[in-house]
Amino acid sequence: MVAGLVITGCFIVVALFAPTFQAWGWLQDPTQSLSNPIHEPPSWNHWFGTSRQGYDVFSRTWFGSQAALKVVVLATTLSLIIGVPLGLISGYLGGKLDRVLLFLMDTIYTLPGLLLSVTLAFVVGRGVFNAAIALSISYVPQYYRVVRNHTTSVKTELFIEAAQALGASPGRILSRYLFLNVIQSVPVLFTLNAADAILILGGLGFLGLGLPEQTPEWGHDLRQALDALPTGIWWTALFPGLAMTLMVVGLSLVGEGLSELINPRFRQKH
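Under full-length UniProt numbering, think of the first position of the sequence shown as 1, with each following residue one higher.
Because the hints were derived from the structure by calculation, they are not lab data.
It should be emphasised that the depicted structure is a prediction, and the values quoted were computed from it without experimental measurement.
Glycine included, every Cβ here is placed at the ideal spot set by N, Cα and C.
Hints may contain errors.
Straight-line distance between alpha carbons at most 25 Å, and here's what the computed SDA-like set of lysine to any residue pairs gives [stated by the list, open to error]: (1) K70 / T152; (2) K96 / Q28; (3) K70 / A3; (4) K70 / K96; (5) K70 / A163.
Per label pair, the in silico range of CB-to-CB distance [as the list claims (entries may be wrong)]: (6) L111 / M1: 45 to 53 Å; (7) W44 / M1: 34 to 42 Å; (8) L229 / T110: 43 to 51 Å; (9) W26 / A168: 55 to 63 Å; (10) T110 / E256: 19 to 27 Å; (11) I262 / T231: 45 to 53 Å; (12) A165 / C10: 46 to 54 Å.
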């Protein structure tokens with residue numbers, strides 16, 4: 001988990017301070033093309049080389065972490081905000097509402113996440129918020145299922161029955177007694193979904209969807225680098241791909257570490 005926190009923390013720092021470093025002259029404008037020699041290999045002037053469009057690969061890769069974090073945090077937060085309340089209400093109230101929501105969420109859950117995101121991204125168009133919506137739709141059922149299952153088991157506990165006997169309203173029971181008892185797994189799911197969202201966002205960028213074309217985004221840069229690979233131009237694909245891989249690994253390690261901390265049984269077995 002420590003390694004995951006270090007890797008993820010480095011990417012967060014990079015994303016936060018990228019505009020500052022650009023203002024200091026340490027980074028170039030990642031949207032300014034044809035400002036450098038084309039396909040220049042890594043050197044002292046361009047640490048990661050330059051691309052076919054004359055972009056500085058180091059600056060594009062650095063600013064790509066900013067775009068990735070914006071979209072991924074927004075997407076996972078949207079899915080959490082929608083999925084957690086629906087899971088609480090559905091699990092606590094039960095009945096016809098629970099059956100309808102469960103059927104709807106199971107239907108969405110069975111669809112491949114990438115295919116669903118690609119279809120929605122094609123409909124809503126490019127942009128940070130639009131890409132976040134396209135990503136979030138496939139994660140809502142996961143939060144719903146986890147929270148609903150915990151709620152259906154916790155609502156039969158004695159302290160819930162005591163609160164009901166004392167006349168507590170459903171809203172009070174949900175917010176005060178159930179909420180904190182059913183969200184233990186949400187942080188784990190949040191980090192693992194964020195890691196998955198990095199890959200799906202890269203897939204959208206590779207397909208020409210997601211973010212605007214000039215926005216520095218790892219998937220889009222990988223797509224642009226494909227044509228140059230057969231000619232020996234390796235640096236335009238290596239560094240964006242490596243950054244994406246490291247960020248996914250970091251978030252996955254954080255999620256696994258949180259899972260061990262939250263689930264004592266898992267920790268005892270390992």
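Going through the hints against the structure:
| no. | hint | result |
| --- | --- | --- |
| 1 | K70 / T152 | violated, 34 Å |
| 2 | K96 / Q28 | violated, 57 Å |
| 3 | K70 / A3 | holds, 22 Å |
| 4 | K70 / K96 | violated, 37 Å |
| 5 | K70 / A163 | violated, 41 Å |
| 6 | L111 / M1: 45 to 53 Å | violated, 32 Å |
| 7 | W44 / M1: 34 to 42 Å | holds, 37 Å |
| 8 | L229 / T110: 43 to 51 Å | violated, 36 Å |
| 9 | W26 / A168: 55 to 63 Å | holds, 57 Å |
| 10 | T110 / E256: 19 to 27 Å | holds, 25 Å |
| 11 | I262 / T231: 45 to 53 Å | holds, 49 Å |
| 12 | A165 / C10: 46 to 54 Å | holds, 52 Å |
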